[in-house]
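Chemist: Quick note: to get the numbering used here, add 69 to the position in the sequence shown (first position is 1).
Treat the hints loosely; a few may be bogus.
[As the list claims (entries may be wrong)] Cross-link-like lysine-lysine pairs, in silico, DSBU-like; alpha carbons within 35 Å at most: (1) 164 x 175; (2) 150 x 164; (3) 150 x 181; (4) 182 x 150; (5) 150 x 175.
Treat the hints as calculated values from the structure; they're not laboratory data. All of these numbers come straight from a predicted model, not from anything done at the bench.
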Amino acid sequence: MTQRYFEDINIDDELEPLERLPSEDTAIDFFGRGNPTNPAFADAAAGRQQGFGGALVPGLLKISWMTEYAGRWAGPESRVKSIRVAFRRPDLAGKPLVLAGRVVDKREEDGKKVVELEVATLAGGEPSVRGNIQVEVPSRG
70 MTQRYFEDIN IDDELEPLER LPSEDTAIDF FGRGNPTNPA FADAAAGRQQ
120 GFGGALVPGL LKISWMTEYA GRWAGPESRV KSIRVAFRRP DLAGKPLVLA
170 GRVVDKREED GKKVVELEVA TLAGGEPSVR GNIQVEVPSR G
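Just need the whole structure built from these sequences, with the hints factored in.
Modeler: Shown next, in the form of structure tokens:
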């Protein structure tokens, strides 16, 4: 994992896309097979009965992937400060998801170097989750 420094980051820099393939087991095991909140998260058959076509990928799993994606891009000396997301539509397990992002702002806040990223989870080229992630990065000097 490469460390990125504030001075080397530019607005409109693109993050390299990353494909994730959430298996049915990954999606179901995230909350546990006995998850009482919605059977579509715990059982593919229940998801099909609800008209989704299979097990749903939990939103919290997608948020964790987005956070990891931003943190890995920024590097080991960086820290994810905040994340805000908006869910657009559900995703099905077994279908590839692509994480993509770009730098939309960089600034100094209280002596800290902060980079703001716009990140999305894409399914079939369409965003299913959009997010704004603020990452604190080190300075070279």
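Chemist: Each hint needs a verdict: does it hold in this structure or not?
Modeler: Taking the hints in turn, this is what the structure says about them:
1. Straight-line distance between C-alpha atoms of residue 164 and residue 175 comes to about 34 Å, which keeps the hinted pair within the 35 Å bound.
2. As the CA atoms of residue 150 and residue 164 are separated by approximately 30 Å, the hinted pair is consistent with the 35 Å bound.
3. Taken as a hint, the residue 150 and residue 181 pair is honoured in the structure, with Cα atoms around 11 Å apart against an allowance of 35 Å.
4. Distance hint between residue 182 and residue 150 is fulfilled; the C-alpha atoms sit about 11 Å from each other, no more than 35 Å.
5. The straight-line distance between the Cα atoms of residue 150 and residue 175 is roughly 13 Å, inside the 35 Å bound, and the hint therefore holds.
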